[in-house]
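Note that the working numbering has the sequence shown beginning at 45, numbered continuously upward.
Among the hints, a few may not be true.
Capping the alpha-carbon separation at 20 Å, the derived lysine to aspartate or glutamate pairs in DMTMM-like fashion look like this [claimed, not checked]:
id: 1; residue 1: 258; residue 2: 77
id: 2; residue 1: 275; residue 2: 172
id: 3; residue 1: 99; residue 2: 132
id: 4; residue 1: 300; residue 2: 159
id: 5; residue 1: 275; residue 2: 287
Simulated from the structure, these hints should not be mistaken for lab results.
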Amino acid sequence: MPATNNDSSSQTILGVIPARYASTRFPGKPLADILGKSMIRRVYEQSVASKSLTKVVVATDDQRIYDHVKDFGGEVIMTAANHPSGTDRCQEALVKAGMNYKYVINIQGDEPFIDPSQIDLLAGILSDGSVELATLMIPVTDSQLLFDKGEVKVVVNTDMEALYFSRMPIPFLKGHPEESWHEHHTYFRHVGLYAYRADILEKITRLQPSLLEKAESLEQLRWLENGFKIKLAITSFDSHCIDSPEDIERALRLLKRG
Numbered sequence: 045m046p047a048t049n050n051d052s053s054s055q056t057i058l059g060v061i062p063a064r065y066a067s068t069r070f071p072g073k074p075l076a077d078i079l080g081k082s083m084i085r086r087v088y089e090q091s092v093a094s095k096s097l098t099k100v101v102v103a104t105d106d107q108r109i110y111d112h113v114k115d116f117g118g119e120v121i122m123t124a125a126n127h128p129s130g131t132d133r134c135q136e137a138l139v140k141a142g143m144n145y146k147y148v149i150n151i152q153g154d155e156p157f158i159d160p161s162q163i164d165l166l167a168g169i170l171s172d173g174s175v176e177l178a179t180l181m182i183p184v185t186d187s188q189l190l191f192d193k194g195e196v197k198v199v200v201n202t203d204m205e206a207l208y209f210s211r212m213p214i215p216f217l218k219g220h221p222e223e224s225w226h227e228h229h230t231y232f233r234h235v236g237l238y239a240y241r242a243d244i245l246e247k248i249t250r251l252q253p254s255l256l257e258k259a260e261s262l263e264q265l266r267w268l269e270n271g272f273k274i275k276l277a278i279t280s281f282d283s284h285c286i287d288s289p290e291d292i293e294r295a296l297r298l299l300k301r302g
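Please construct the entire structure, taking both the sequences and the accompanying hints into account.
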């Protein structure tokens, strides 16, 4: 399967899918079978269907994943085992990719149903080359999601740049019961698909963990604390992460529904 396409954009964009074998909750997750295809293969095939990526590679630290991607015809790069985050793995993949890419898009390896149009949406806001970092968000539709600490919320300024990310609902809505906040204000949840300008990616991987990052356990707060700007775009496609073996059944139901 080809890992490139003929997008006419002036930007060269490397799509990187970080994939680790080790996982406390779900060891070997990238190789988990979903109706005859591994999870990492499904993510890869969805990614190469994007019209915006110059090239797509899997970045892994495990020989089993490396060999599997090679077997189905994908492009893969072996990276170090000690990276603290997918962002750091993306930086090594960029260095090893052997081409002068303008941007890198970090595609989560545990979202087998990522829609190619999400990648294209994110790539679309990179067109003039001035954007340092970018990601996606989706409107919050109910109170349960708004107050779920596992769902990261984001607020933006008038230029659609992130002001803050939090596991708590932001802003506080005075004068309304909490269960109806989402009915009186437009809240957004973060969708974890990142774009980095290549020079910025190199800089942020040299930053030390920050206080806000440690408090919320959110890497993107390190970037904001250090003065980098994160552009947001609104997507209508929700993300469906596979975090545990139990999530496979949910994924199968989604797949059968198309």
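Status of the hints after comparison with the structure:
1. 258 x 77: Violated: residue 258 and residue 77 sit about 34 Å apart, past 20 Å.
2. 275 x 172: Distance ~13 Å between residue 275 and residue 172 Cα, so the pair holds.
3. 99 x 132: holds (19 Å)
4. 300 x 159: Holds, at about 16 Å.
5. 275 x 287: Roughly 27 Å between the alpha carbons, so the hint for residue 275 and residue 287 is violated.
Checked against the numbered hints given earlier, the structure breaks hints 1 and 5 and satisfies all the rest.
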